[in-house]
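The listed protein sequences correspond, in order, to chains X and V.
Mind the numbering: the first sequence is residues 74 to 382 in this note's numbering, read in order.
Mind the numbering: the second sequence is residues 97 to 453 in this note's numbering, read in order.
A hint or two may mislead.
As the list claims (entries may be wrong) - Label pairs and their computed distance ranges (CB to CB):
#	chain 1	residue 1	chain 2	residue 2	range
1	X	D324	V	T330	58 to 66 Å
2	V	E318	X	G165	32 to 40 Å
3	V	Q332	X	L101	44 to 52 Å
4	X	G165	V	S196	36 to 44 Å
5	X	I180	V	G146	19 to 27 Å
6	X	V149	V	I337	48 to 56 Å
7	V	K324	X	V279	42 to 50 Å
8	X	R289	V	Q181	51 to 59 Å
It is worth saying that the hints were derived from the structure and are not from the lab.
Cβ atoms here follow ideal geometry from the backbone N, Cα and C, with glycine treated the same way.
Residues per chain, in single letters:
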Amino acid sequence: MSTTTAEVREEHLSKEELEKLAHPKRPLRQRVGVVMSYVGMAAIVLYCIIPFYWMIVSSLRLPGEGRSTEFIPSPVSLQNYQAVFSPVNNFGRSVINSVIVAGATTILVLLFGIVGAYALARLKFTGKGGVLWLIMACSMFPLVVLLPPLLKMFSSTEPFTWFPYWINTYQSVIIPGLSFGLPLAVWNLTAFFKQLPVELEQAAMVDGCTPGVAFRKVILPLAAPGIFTTAIIVFIGAWNEFLLALTFLQDKNMQTATVAISKFTGTTGFDTPYGSIMAAGVVVTVPLLVAVLIFQRRIVSGLTAGGVK
Amino acid sequence: MATATAEPRSLPATEGDGHKHKKNALSDGQGRLAWMLLAPTLIIIAVVAGIPVGLSIREAFFQTNAGVDPTTGLIAAGEQFVGLQNFTAVFSGANPVTGSYGTMDRFWNAFLNTTFLTIVCVILETIIGVAMALIMAKAFRGRGLVRAGILVPWAIPTIVSALMWKLIFDEQGVMNRILGTQILWLADSGASFWAIVIADTWKTAAFIGLLTLAGLGTIPAEVYEAAKVDGASTWQQFVRITLPMVKPTLIVAVLFRTLDTLRMFDLPYGMIGPGKYRVETLSIFSYQEATQTRYGPAAAYAIVLFVYVLLVAFLFVRILGADVIGDADVKKKKKKKGDDEPAGPPATALEMAGGAH
Numbered sequence: 074m075s076t077t078t079a080e081v082r083e084e085h086l087s088k089e090e091l092e093k094l095a096h097p098k099r100p101l102r103q104r105v106g107v108v109m110s111y112v113g114m115a116a117i118v119l120y121c122i123i124p125f126y127w128m129i130v131s132s133l134r135l136p137g138e139g140r141s142t143e144f145i146p147s148p149v150s151l152q153n154y155q156a157v158f159s160p161v162n163n164f165g166r167s168v169i170n171s172v173i174v175a176g177a178t179t180i181l182v183l184l185f186g187i188v189g190a191y192a193l194a195r196l197k198f199t200g201k202g203g204v205l206w207l208i209m210a211c212s213m214f215p216l217v218v219l220l221p222p223l224l225k226m227f228s229s230t231e232p233f234t235w236f237p238y239w240i241n242t243y244q245s246v247i248i249p250g251l252s253f254g255l256p257l258a259v260w261n262l263t264a265f266f267k268q269l270p271v272e273l274e275q276a277a278m279v280d281g282c283t284p285g286v287a288f289r290k291v292i293l294p295l296a297a298p299g300i301f302t303t304a305i306i307v308f309i310g311a312w313n314e315f316l317l318a319l320t321f322l323q324d325k326n327m328q329t330a331t332v333a334i335s336k337f338t339g340t341t342g343f344d345t346p347y348g349s350i351m352a353a354g355v356v357v358t359v360p361l362l363v364a365v366l367i368f369q370r371r372i373v374s375g376l377t378a379g380g381v382k
Numbered sequence: 097m098a099t100a101t102a103e104p105r106s107l108p109a110t111e112g113d114g115h116k117h118k119k120n121a122l123s124d125g126q127g128r129l130a131w132m133l134l135a136p137t138l139i140i141i142a143v144v145a146g147i148p149v150g151l152s153i154r155e156a157f158f159q160t161n162a163g164v165d166p167t168t169g170l171i172a173a174g175e176q177f178v179g180l181q182n183f184t185a186v187f188s189g190a191n192p193v194t195g196s197y198g199t200m201d202r203f204w205n206a207f208l209n210t211t212f213l214t215i216v217c218v219i220l221e222t223i224i225g226v227a228m229a230l231i232m233a234k235a236f237r238g239r240g241l242v243r244a245g246i247l248v249p250w251a252i253p254t255i256v257s258a259l260m261w262k263l264i265f266d267e268q269g270v271m272n273r274i275l276g277t278q279i280l281w282l283a284d285s286g287a288s289f290w291a292i293v294i295a296d297t298w299k300t301a302a303f304i305g306l307l308t309l310a311g312l313g314t315i316p317a318e319v320y321e322a323a324k325v326d327g328a329s330t331w332q333q334f335v336r337i338t339l340p341m342v343k344p345t346l347i348v349a350v351l352f353r354t355l356d357t358l359r360m361f362d363l364p365y366g367m368i369g370p371g372k373y374r375v376e377t378l379s380i381f382s383y384q385e386a387t388q389t390r391y392g393p394a395a396a397y398a399i400v401l402f403v404y405v406l407l408v409a410f411l412f413v414r415i416l417g418a419d420v421i422g423d424a425d426v427k428k429k430k431k432k433k434g435d436d437e438p439a440g441p442p443a444t445a446l447e448m449a450g451g452a453h
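Chain X with its partners taken away, still in its complex shape (with noise of 0.2 Å):
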């Protein structure tokens, strides 16, 4: 009816009658709402943004500017990039490092933490909430408490001298490092684990599978970006990871990427290379931010896992 109307009607308006019957003129207070809402969003993004467009623009100016405070350098100079790949840094090795620390840290954990997440999700058994309360537990205690009786271990001073020397290895920090990251992956993995619907493997066993088959058949495929996404979490933790690094490893050969940045020294002088500084960061970052940019609904979902369905 009411179309037909404006149908009608339409020779007779001006075009700013049109304009106004093609967006509908919402209630004053709707649209304060709407725009409150995109100034809010703005805000967000800029508050997250910013501060890294300032390591960004710091890493693109000349090394003898570090510390200049123009919002965009000119001139725009790679050279922060190249002296950070110069051989003195040694940053190119401490990549690799970190890439052999995470990947087997990742790998490590995923191993583990996909049995017991799934026996967590799905099998009901006595002893359970203790387990859960002490992967939780573990999760959360300040990773500092290991320091003390690792690093005598690891440097294999009394009473530990039957322990092998350990400092400058990448099991050092590996190892260790298992502590944050499995209780890490199990407890998301469990999060998944329980978000597909048990019938998938009650109708395999219904069809004669054992529970052990029907995991590895029916779930495991189906949980595949569940575990990719527990994948990155943990190796962006592990890659992150400073505190056991910084202790572990010190020789320059050995160190990981976060431990190398902290302790630039750069190619010039006693001042803070800024400009270098702000170039690693960005070469350790960007990686991280491209995997989760791409994967950034299922990462989002991973940590909010079962909160919205």
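Model the placement of chain V on the given structure of chain X, informed by the hints.
This is chain V only, laid out in the frame that chain X set:
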């Protein structure tokens, strides 16, 4: 689909086993299977966390020998049992430093720094995080963009963000330029505290936001409609509906942020440096003692931090009723929520905890 394709291949291999479980394949022998599957995880946790924590507790009652042994004339090696000496030493005031709270033992200075940093950071993060969640919940379009933006601070390594903020807070840096001030943010001053608060809030507020947003999504729209019909104002809706209904999620988020901030290390270490008493946290103090081979005191301080963290967690769970585990199989739920829901929020919180390291 996957079930259908999987069956034929799996059948022959497992026929025998399958028969055994046929009576009640869903519950028979689950306990044994569960423990078998969990064994690797539990063993690893015991080895990489349990044993070191145990050793750390032992360590706290010992001290490394130093100096020359008077009986043999050799440089002393090994360690000796000192009882509670590592703990009681903090009351003797043998190691006084001057921080923001006057001159006191270095331990108490670090303890107060840790406590106040945590309180201030968590309050700010919660306020900003909830505000972010409310904005995002109202969003019509562009949620993806905001989500992408929010993940940026999370993905940046904490130590890199520490150095980034160090540059921003430099004496001649951009923060002073924008504010038109000459504040010595990094010079171990009172301003250093706030520099760290700002840096920490920037990195982690978004995660309280994401978690709260997830919590907001579970509030049914009908509740708001009913409130509107009854003439409730926006503020009343927020205080009477939104906050109470998002409270369980929010408490878990705040708990995990609190525990994570209590063990803060990277930010003060990277921004201000070690041995700066205005911002020295217990983690940094313990780390420094450990690297200077004073393992006994280092372990004692770490244990105190551990107990502190446990105490805070306990209080959250007991007094505020934080639903940390959130597993329907484990405990009877009093809430009217769906059964499969509870696993969600804690997962987020744990992620935050891990991600924010």
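Evaluation of the provided hints:
1. Taken as a hint, the range 58 to 66 Å holds for the pair D324 (chain X) and T330 (chain V), whose Cβ atoms sit roughly 60 Å apart.
2. For the pair E318 (chain V) and G165 (chain X), the supplied restraint of 32 to 40 Å is violated, since their beta-carbon distance comes to about 58 Å.
3. Taking the beta carbon of each, Q332 (chain V) and L101 (chain X) are about 21 Å apart, not inside 44 to 52 Å as hinted.
4. For the pair G165 (chain X) and S196 (chain V), the supplied restraint of 36 to 44 Å holds, since their beta-carbon distance comes to about 41 Å.
5. I180 (chain X) and G146 (chain V) have their C-beta atoms about 22 Å apart, which keeps the hinted 19 to 27 Å range intact.
6. The hint said 48 to 56 Å for the Cβ distance between V149 (chain X) and I337 (chain V), and at roughly 51 Å that hint holds.
7. Roughly 49 Å separates the CB atoms of K324 (chain V) and V279 (chain X), a value that falls within the hinted 42 to 50 Å.
8. A hinted range of 51 to 59 Å for the beta carbons of R289 (chain X) and Q181 (chain V) is consistent with their spacing of about 55 Å.
Of the numbered hints stated above, those contradicted by the structure are hints 2, 3, listed in ascending order.
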